[in-house]
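So the protein sequences, as listed, match chains A, B, C, D, E, F, G and H.
Numbering-wise, the numbering used here puts 20 at position 20 of the first sequence, and it's gapless, one number per residue.
Numbering-wise, the numbering used here puts 10 at position 10 of the second sequence, and it's gapless, one number per residue.
Numbering-wise, the numbering used here puts 49 at position 49 of the third sequence, and it's gapless, one number per residue.
Numbering-wise, the numbering used here puts 310 at position 310 of the fourth sequence, and it's gapless, one number per residue.
Numbering-wise, the numbering used here puts 220 at position 220 of the fifth sequence, and it's gapless, one number per residue.
Numbering-wise, the numbering used here puts 202 at position 202 of the sixth sequence, and it's gapless, one number per residue.
Numbering-wise, the numbering used here puts 172 at position 172 of the seventh sequence, and it's gapless, one number per residue.
Numbering-wise, the numbering used here puts 46 at position 46 of the eighth sequence, and it's gapless, one number per residue.
Simulated from the structure, these hints should not be mistaken for lab results.
There's no promise every hint is true.
Taking lysine to aspartate or glutamate and the EDC-like style, the derived pairs with C-alpha atoms no more than 20 Å apart in a straight line are [what the hints assert, rightly or not]:
1) D:Lys6 with D:Glu186
2) C:Lys6 with G:Glu72
3) E:Lys161 with F:Glu232
4) B:Lys58 with B:Asp21
5) F:Lys251 with F:Asp274
6) E:Lys149 with F:Glu247
Here are some of the chain E residues that sit facing chain C, going by a computed Cβ distance under 7 Å [as the list claims (entries may be wrong)]:
7) Phe230
8) Asn233
9) Val235
10) Gly238
For clarity, every value in this text was computed on a predicted model and none was experimentally measured.
Backbone N, C-alpha and C define an ideal beta-carbon position, used for all residues, glycine too.
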Amino acid sequence: MTESKTAGAPESKPASKSKYDYTNGPMPLEINLSWCKACNLCIALCPKQVFEPDRDGKPVQVRPDDCTQCTICWVHCPDFAITSNYK
Amino acid sequence: MTESKTAGAPESKPASKSKYDYTNGPMPLEINLSWCKACNLCIALCPKQVFEPDRDGKPVQVRPDDCTQCTICWVHCPDFAITSNYK
Amino acid sequence: MANKKKKLMQGNMACVEGAIYSGMQFFAGYPITPSTEIAEGCSRELPKIGGRFIQMEDEIGSIAAVIGASIAGMKSFTATSGPGYSLMQENLGYAFITETPLVVINVQRGGPSTGLPTKVSQSDTMQARWGPHGDYAAIAVAPSTVQECHTETVRAFNLSERFRTPVTILLDEVIGHSRGVISLPEKGELEVYNRVKPTASPEEVLPFEMTPNLVSPMAGYGEGYRFHVTGLTHDVHGFSTNRSDEIFPKLDKLHNKILNYRDEISKLRIENMDDAEVAFISYGSVSRAALQATAIAREAGVKVGCIQLYTIWPFPEKELRQICANCSKVIVGELNMGQIIHEIERVLPGDIEIHAKQRYDGEIMTPMQLLEKLEEVL
Amino acid sequence: MANKKKKLMQGNMACVEGAIYSGMQFFAGYPITPSTEIAEGCSRELPKIGGRFIQMEDEIGSIAAVIGASIAGMKSFTATSGPGYSLMQENLGYAFITETPLVVINVQRGGPSTGLPTKVSQSDTMQARWGPHGDYAAIAVAPSTVQECHTETVRAFNLSERFRTPVTILLDEVIGHSRGVISLPEKGELEVYNRVKPTASPEEVLPFEMTPNLVSPMAGYGEGYRFHVTGLTHDVHGFSTNRSDEIFPKLDKLHNKILNYRDEISKLRIENMDDAEVAFISYGSVSRAALQATAIAREAGVKVGCIQLYTIWPFPEKELRQICANCSKVIVGELNMGQIIHEIERVLPGDIEIHAKQRYDGEIMTPMQLLEKLEEVL
Amino acid sequence: MATVTKQKSDVVLDYLRPGKKFPSVWCPGCGNGIVMGALIRAIDKLGWDRDNIAMVSGIGCSSRLPIYLDVHTLHSTHGRALPFATGIKFAKPGMKVIVVTGDGDALAIGGNHFIHACRRNIDITAILINNNIYGMTGGQGSPTTPAEKISTTTPFGNVEKQFDPCQLAIGAGASYVARTTVYHTPHMEKMLLAALEHKGFSLVEAVSNCHTYFGRLNRQGDAVAMLNLFKENSVMKGKASKMTDEELKGKWVLGTLHEHEATEFCDEYQKLVDAQMSKRG
Amino acid sequence: MATVTKQKSDVVLDYLRPGKKFPSVWCPGCGNGIVMGALIRAIDKLGWDRDNIAMVSGIGCSSRLPIYLDVHTLHSTHGRALPFATGIKFAKPGMKVIVVTGDGDALAIGGNHFIHACRRNIDITAILINNNIYGMTGGQGSPTTPAEKISTTTPFGNVEKQFDPCQLAIGAGASYVARTTVYHTPHMEKMLLAALEHKGFSLVEAVSNCHTYFGRLNRQGDAVAMLNLFKENSVMKGKASKMTDEELKGKWVLGTLHEHEATEFCDEYQKLVDAQMSKRG
Amino acid sequence: MGYKFIDRIKVPEDRFELRLSGSGGQGMIFAAVVLGEAIGLAEGKNVVQSQSYGPEARGGASKADVVISANEIFYPKAMKLDMLLAMTQEALDSYLKDLKEDGVLIVDTSLVTDIPVDNYYGLDFTHLAKNEVGHIMVANVVALGAISCFTGIVGKEVLTNAVLKRAPRGTEDKNRKAIDVGFEEASKLKK
Amino acid sequence: MGYKFIDRIKVPEDRFELRLSGSGGQGMIFAAVVLGEAIGLAEGKNVVQSQSYGPEARGGASKADVVISANEIFYPKAMKLDMLLAMTQEALDSYLKDLKEDGVLIVDTSLVTDIPVDNYYGLDFTHLAKNEVGHIMVANVVALGAISCFTGIVGKEVLTNAVLKRAPRGTEDKNRKAIDVGFEEASKLKK
Ligand SMILES: Cc1ncc(C[n+]2csc(CCOP(=O)(O)OP(=O)(O)O)c2C)c(N)n1
Ligand SMILES: Cc1ncc(C[n+]2csc(CCOP(=O)(O)OP(=O)(O)O)c2C)c(N)n1
Ligand code: SF4
Ligand code: SF4
Ligand code: SF4
Ligand code: SF4
Ligand code: SF4
Ligand code: SF4
Ligand SMILES: [Mg+2]
Ligand SMILES: [Mg+2]
């Protein structure tokens with residue numbers, strides 16, 4: 001299908017630092033794994049490829065620093081499994 | 001109401017002879033009095049004032065010669081009580 | 001002043017007055033002969049008392065709006081006749097399972113289908129018990145005079161509020177359309193029952209709680225108790241369940257909250273039964289003929305009595321068995337092809353002869369027809 | 001070749017096969033669990049045989065289209081479950097009064113209302129008799145295995161065509177959804193009945209003629225006989241009437257064309273009743289448990305028998321009285337809170353003890369439950 | 001005024017049902033009879049075999065119309081004429097199927113079937129006799145009763161808004177939609193003719209008079225007065241397109257209001273059947 | 001892409017019903033949950049008292065939505081959410097009443113109530129989650145299933161035509177009509193906000209994915225793939241007005257498609273009550 | 001089958017039953033309602049008024065019954081009429097058989113011409129309404145005046161008040177006149 | 001209340017009852033249908049296959065039963081299981097109690113870890129499907145192969161044919177392989 005457009009491999013891009021610095025703080029997002037149904041929406045829709053799926057298909061924040069808190073992942077999460085740690 | 005517009009008194013008009021001559025033949029129309037419900041539609045809508053109501057309100061052809069066979073009375077008769085003798 | 005309270009009124013309009021007396025504030029309906037005067041009466045009277053009348057797009061919508069309004073907290077009702085009553089069955093089932101108080105008046109006409117729209121009938125009697133799919137216990141009452149249209153409507157509202165359940169008033173065309181002198185009761189003269197509301201704090205209240213009398217207090221929407229209502233079989237919270245240990249109690253509750261209180265619900269008129277050998281059993285307009293026939297036959301020395309059912313459902317089995325204990329024969333008069341007689345056959349002991357006098361041509365049962373039957377069975 | 005006729009099939013699909021076997025060519029319906037596979041099956045199979053499948057906007061439209069198609073001359077049917085069946089009641093009444101042959105399959109689930117949509121139930125049994133307003137005589141049949149889904153569907157179509165009347169097939173979720181091995185009969189193996197068509201000239205034919213067997217020959221639209229159909233109570237011409245001498249015969253006809261032929265319609269399975277002291281009486285999936293329980297109890301030396309009702313309506317009173325004549329007790333097993341038991345209480349003599357085993361939590365009745373009840377009443 | 005029809009005046013009689021009592025049950029002057037005449041003349045022009053016509057109605061004064069006609073007729077339940085007709089048409093696509101319905105029948109209880117018949121584009125012609133009221137049951141408000149008008153259920157004036165049946169049909173996807181009135185009989189005949197000839201679902205809204213209820217309650221006078229109101233307050237579509245909304249208020253716009261080409265339901269289904277049967281065979 | 005919402009990410013959690021089991025019954029990735037989130041954020045922006053909100057639904061996957069929300073909720077019968085809601089709103093006009101419904105629920109069995117709610121202009125917001133199929137019962141065709149598409153009751157491709165729910169609502173007289181998709185969440189929030197603020201009947205069609213049935217049967221892939229389809233095949237209204245019909249084929253036009261001022265039903269009725277009661281004294 | 005009693009039964013004597021019959025537009029129901037109101041409310045008796053309908057709400061022939069009693073009225077419809085008003089021939093033909101042998105029969109002689117009994121009161125209500133009151137529509141009220149006179153079941157005053165209460169404003173004089181005319185013409189005939 | 005017999009009753013011996021249980025996506029119903037078809041049509045026995053559903057048409061946990069007998073099958077559901085396949089822990093927890101004492105228990109060891117009995121066959125169907133067949137979706141078919149071996153209720157050939165008849169075209173090899181793998185791995189364990 002058309003997944004590649006949004007879910008494709010991250011392009012190499014200039015190291016642009018996020019507005020939020022997660023290097024030392026908590027992760028950008030809180031994932032409620034017991035509510036997450038591994039639908040892949042957050043992973044595929046994140047414009048910054050912050051996530052990769054774990055063994056069960058649930059999101060892992062592998063590039064936390066790239067997160068811009070753009071909201072896309074959590075407003076698309078049908079199971080309210082994502083909340084931001086930046087409140 | 002607005003009845004006067006169509007059902008008002010006949011205006012005086014030049015003696016224009018009808019295309020059909022009923023003077024010696026049958027009347028222009030056949031009225032089935034047992035179906036007629038005296039609704040007054042034919043009487044009011046006839047552009048030539050051919051009818052006047054009888055005691056029961058049913059149409060009588062008082063000016064047969066003026067009938068132009070225009071169809072108006074019979075297509076408006078809700079009870080199919082009028083047929084033309086000119087077929 | 002005394003005159004002010006007396007009026008000549010149609011049975012249908014007396015139902016409207018009874019509903020208003022009960023505190024009804026909401027009517028949603030769809031016109032149908034011979035019930036239409038109830039809708040028309042509500043459209044005139046409700047605005048005057050700050051109530052609400054709405055003509056819905058059909059009967060399904062009507063009963064739906066009535067349920068919605070009742071859940072919102074208003075005493076609500078609708079009126080219809082056979083075809084509309086048939087259409088309401090699915091949502092009536094919803095009212096049963098959600099335990100929503102409301103009243104439906106079915107002014108009966110000849111059926112099935114469009115049938116005899118302006119003619120009298122009592123052929124929806126069994127439908128009032130078994131119309132919706134699924135299991136539930138139904139309440140239905142049947143007045144027989146204009147005055148009773150008022151009192152039975154008040155009673156119907158009371159029963160519906162008391163038991164949190166829909167109640168059907170079975171009128172027939174003759175009762176609905178006849179005019180009679182009615183004396184309208186003053187406020188306080190008749191009891192008016194209002195649903196019990198919860199008093200505990202919202203956190204503690206279970207909207208479908210199992211109480212000792214099996215009726216759960218019911219808040220209206222917007223009264224501080226946010227709750228969920230569903231037509232799925234549900235637990236005490238109102239949430240759907242597939243668990244046997246929640247389903248059984250819920251369905252038992254629907255039955256027992258009513259059947260345990262039959263005595264409160266049953267109402268009969270008993271005339272001349274003390275020494276009666278034969279009893280007329282009937283309801284609605286047929287009871288008027290039966291009362292007349294009883295009076296006439298007694299004059300002629302016949303030991304006949306008359307039992308009128310005001311409560312049709314739940315069927316007053318115990319009472320009937322008692323009252324008929326000393327009869328040898330009963331004559332069941334109905335304006336249908338045999339409906340309540342099935343129940344009578346079921347509940348009366350085998351040694352009582354059961355005879356039927358049925359009429360179903362759209363005309364009222366006459367005292368003479370009953371008298372002829374009486375002579376025949378004597 | 002022998003294999004070709006055998007198939008593993010769901011009960012719902014066996015109904016589709018039975019309908020096609022009967023010559024059904026028209027299905028109109030609206031999806032609802034647990035009947036949906038019947039609609040889906042028809043959508044796949046009907047185009048292949050030149051038949052017609054239409055998904056209507058709702059159940060009211062579905063039954064209306066089915067009636068229209070039947071009057072146009074096609075054997076037609078629909079399938080639904082409780083909520084949809086409730087919605088169909090008004091138009092079912094229309095089919096009764098217009099004497100239109102058609103079949104409705106109600107695959108029962110738990111009610112009332114949305115209830116338990118995926119769970120088994122038999123709680124629409126009384127509705128199949130009393131659902132529509134007005135008076136009429138109803139026919140309903142209840143298969144209990146996949147094979148019987150086929151044969152009872154064929155029987156239902158035959159009865160509907162034979163008596164010019166709607167017939168309900170009461171399935172329950174377990175019967176509809178279970179798969180079993182079915183051997184599909186060859187053409188000619190089962191009787192297929194087609195409605196009698198008029199043969200006289202159009203001028204002479206009365207579309208609702210009083211014939212000796214009370215069934216009027218029925219032309220399809222476009223077959224040279226122009227006639228009128230109405231849901232108003234009508235005379236032999238099909239024109240509405242208010243005359244008692246036309247209304248009585250019409251309504252009597254609706255009853256008697258069926259009740260006079262109970263023997264043709266009744267169908268029961270009777271197992272081990274010769275010397276039985278106790279009898280299980282049941283229908284649908286409960287009968288499978290009852291047969292099993294009977295077999296098990298007989299092994300243990302208990303004199304128990306089993307009566308399965310294939311015909312639910314008209315209720316086989318005479319047969320039951322006969323078969324149970326030598327029993328002292330019966331156990332009525334149902335997946336509801338007590339429905340057909342009302343009829344049994346009505347028709348069995350007072351000296352037979354009647355016990356109920358009811359289950360209504362959406363689960364099937366087990367043989368063990370019946371055996372426990374049996375031990376209890378022995 | 002409109003042109004003279006060539007129709008013989010007694011063609012109507014020829015289509016009346018033998019054995020049915022006349023005159024009709026309708027009140028004197030009721031527009032239902034006028035529509036019936038126009039419909040017969042249109043059918044007669046088409047020369048259809050009357051054994052091949054099925055006419056279906058619901059419940060209402062208007063729905064009594066088919067009863068008087070010597071074709072196959074089905075007087076169904078309130079609001080359900082269209083699905084009954086759908087069953088007939090789909091079972092026998094060769095038949096001409098006509099539905100006669102009222103504003104209550106089609107748009108109140110029958111609204112769902114109405115929009116679905118429009119959507120499905122099944123080859124049925126529906127004639128909606130719109131008298132803005134429930135006539136049969138004695139004058140209650142209908143979905144086309146205008147705001148503020150009186151009916152027996154809107155005794156203080158209607159607080160609801162009315163449907164425009166034609167706009168509703170267009171929104172639902174109908175492929176032919178026209179409006180006419182019982183005053184404009186030749187126009188009505190023309191609209192009916194076009195609708196009957198149209199392949200797919202067609203709607204003709206025939207504005208009609210119920211002087212017995214609507215007229216009386218709203219002081220619009222008798223049948224004659226109401227027909228004259230229709231005359232005065234109607235504009236043909238062509239002219240209407242040049243008028244402002246303000247000018248058009250309270251007016252009936254008459255004519256073919258919408259028409260589009262679209263495949264027909266039974267045809268499409270037949271193609272599917274053909275494909276499946278040829279696959280099999 | 002759309003603008004970043006200011007909404008806190010966990011506002012949704014605050015509105016979830018205590019005591020109700022989570023996660024929801026919906027399939028992984030089902031758009032119903034996305035709509036639910038957007039709806040909560042819109043309500044939260046309005047700052048409504050949740051004790052003053054009634055949310056009503058019919059039967060279907062979409063109709064399960066209200067169950068999860070800590071407001072007054074009524075999960076009614078199939079197709080009947082709008083009349084239930086009408087009863088609540090008319091009885092308590094002060095309450096905010098929201099209906100959540102599916103394409104089957106609103107437009108198949110519930111079509112009549114839908115058009116009448118539009119006509120009546122009662123102050124209810126209806127959110128129609130259109131996934132072009134009956135999800136709950138396992139993938140049968142709905143009135144919005146496009147022609148030729150596969151469902152379990154159109155195994156050889158759908159021969160029927162589909163409703164455009166927005167056009168239908170406009171034809172029926174609705175005073176606010178908008179369309180959005182589950183891909184366009186900020187836009188959805190905006191449309192919902194406008195609809196909730198609108199006085200009178202408002203409809204928001206939320207195009208959504210049922211990949212479990214519609215997607216699978218029509219080879220449109222999983223939730224992600226379907227959301228991307230919504231992205232690719234949507235045009236905002238402004239842009240659409242400059243496109244030809246040909247270009248717009250198969251596209252969803254998003255935005256506020258219709259809006260007009262009109263008196264509201266409960267208000268009008270209240271005026272009547274006031275007049276009658278003051279007459280009485 | 002043993003016990004015969006029907007030949008011994010008596011029609012209840014505490015009831016007075018009357019029927020107003022005619023055609024749809026003649027206001028028979030209105031007249032019966034007014035009569036019921038007058039007797040039930042002012043005279044303080046029990047009253048049941050009923051009518052029969054044609055198809056759905058409309059219809060041609062029209063009949064309206066009033067049953068009056070000092071006791072509870074059991075059966076709400078007429079059993080054997082004490083009085084019959086027939087405003088059309090069809091009405092007379094249909095209902096004459098329901099009249100007691102000694103019952104009072106009143107006919108409108110302008111429309112009823114074939115009267116198969118000798119003992120009746122004939123008045124031309126239509127004519128009287130038109131010529132004496134000036135309005136053909138009040139023929140039913142003229143008839144009410146006559147009923148008051150012939151039967152004495154309701155006083156003229158009480159009746160007049162009841163009519164005025166129900167009639168549209170502005171028609172008071174006409175209605176008063178109509179009752180007077182009916183009453184007077186009747187008293188000329190009264191035996 | 002006198003007659004006691006329940007302690008004397010016997011479970012019918014002509015029935016073989018098995019249950020395939022797991023979660024929604026694991027294809028338990030498909031497997032049961034195939035099994036039913038193989039046994040009913042090819043082996044010529046009577047078979048009833050049934051399942052339970054969650055809310056409306058969808059749902060999480062899934063169980064599918066097959067009852068097999070040479071005689072008429074009265075009761076269509078399992079009474080006491082002769083065999084249970086549990087593909088998830090939840091399934092095992094729910095249904096273990098329905099298994100006869102000497103019944104055959106088969107579990108997918110990749111998902112079921114807590115097995116409260118000693119006597120069972122454990123195979124990692126998920127793993128086998130993924131690694132040996134290359135497709136995690138055929139774990140159910142692998143399990144079918146194992147069932148054939150453990151119970152002998154259906155021959156491997158017949159089973160394979162039944163699977164191939166139902167499976168989508170193009171998946172023949174995969175499915176054949178899956179059955180083989182299941183059968184072989186099972187035979188290694190079979191007691
Ligand atoms: C289910 C049902 N509900 C209500 C009715 C009563 N009813 C009969 S006709 C009618 C309205 C008819 O109005 P319309 O369709 O406009 O026809 P008209 O009489 O005005 O021509 C109603 C409400 C019915 N017959 N069936
Ligand atoms: C009267 C009635 N008919 C049919 C059904 C079965 N049913 C439940 S949901 C549904 C369709 C739901 O479709 P939609 O509204 O589009 O919701 P979705 O599941 O797609 O969100 C149907 C037909 C029912 N519950 N009640
Ligand atoms: S907030 Fe935006 S950038 Fe951050 S993870 Fe979510 S989608 Fe990616
Ligand atoms: S969108 Fe939500 S449910 Fe889906 S994978 Fe991400 S966190 Fe899980
Ligand atoms: S045909 Fe025309 S002119 Fe002649 S009477 Fe009729 S309306 Fe008048
Ligand atoms: S239009 Fe017809 S019914 Fe009316 S008065 Fe003329 S002839 Fe009579
Ligand atoms: S009541 Fe109205 S619609 Fe009905 S027949 Fe009379 S005028 Fe026509
Ligand atoms: S079946 Fe479709 S609509 Fe229903 S929850 Fe699953 S994806 Fe959503
Ligand atoms: Mg109308
Ligand atoms: Mg949907």
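Evaluated hints:
For the given pair, D:Lys6 sits about 11 Å from D:Glu186 by alpha-carbon distance, which is consistent with the 20 Å threshold. Taking the CA atoms of C:Lys6 and G:Glu72, the gap is about 15 Å. The hint holds against a cut of 20 Å. Simply put, E:Lys161 and F:Glu232 have alpha-carbon atoms about 39 Å apart, too far for the 20 Å limit, and the pair is violated. This hinted pair does not check out: B:Lys58 and B:Asp21 have alpha carbons roughly 24 Å apart, beyond 20 Å.
For the hint pairing F:Lys251 with F:Asp274, the CA-to-CA distance comes to about 48 Å; that exceeds 20 Å, so the pair is violated. Distance check on the hinted pair: E:Lys149 and F:Glu247 sit about 45 Å apart at the alpha-carbon level, beyond 20 Å; violated. Because the smallest distance between the Cβ of E:Phe230 and any Cβ of chain C comes to about 25 Å, over 7 Å, the interface hint for this residue is violated. The interface hint given for E:Asn233 is violated, since its Cβ lies 26 Å from the closest Cβ of chain C, which is over the 7 Å cut-off.
With its C-beta approaching chain C no nearer than about 30 Å, E:Val235 sits outside the 7 Å limit, and its interface hint is violated. A hinted interface residue such as E:Gly238 counts as satisfied when its beta carbon comes closer than 7 Å to some beta carbon of chain C; here the least separation is about 34 Å, so the hint is violated.
Hints 3, 4, 5, 6, 7, 8, 9 and 10 from the list above are not met by this structure, while the remaining hints are.
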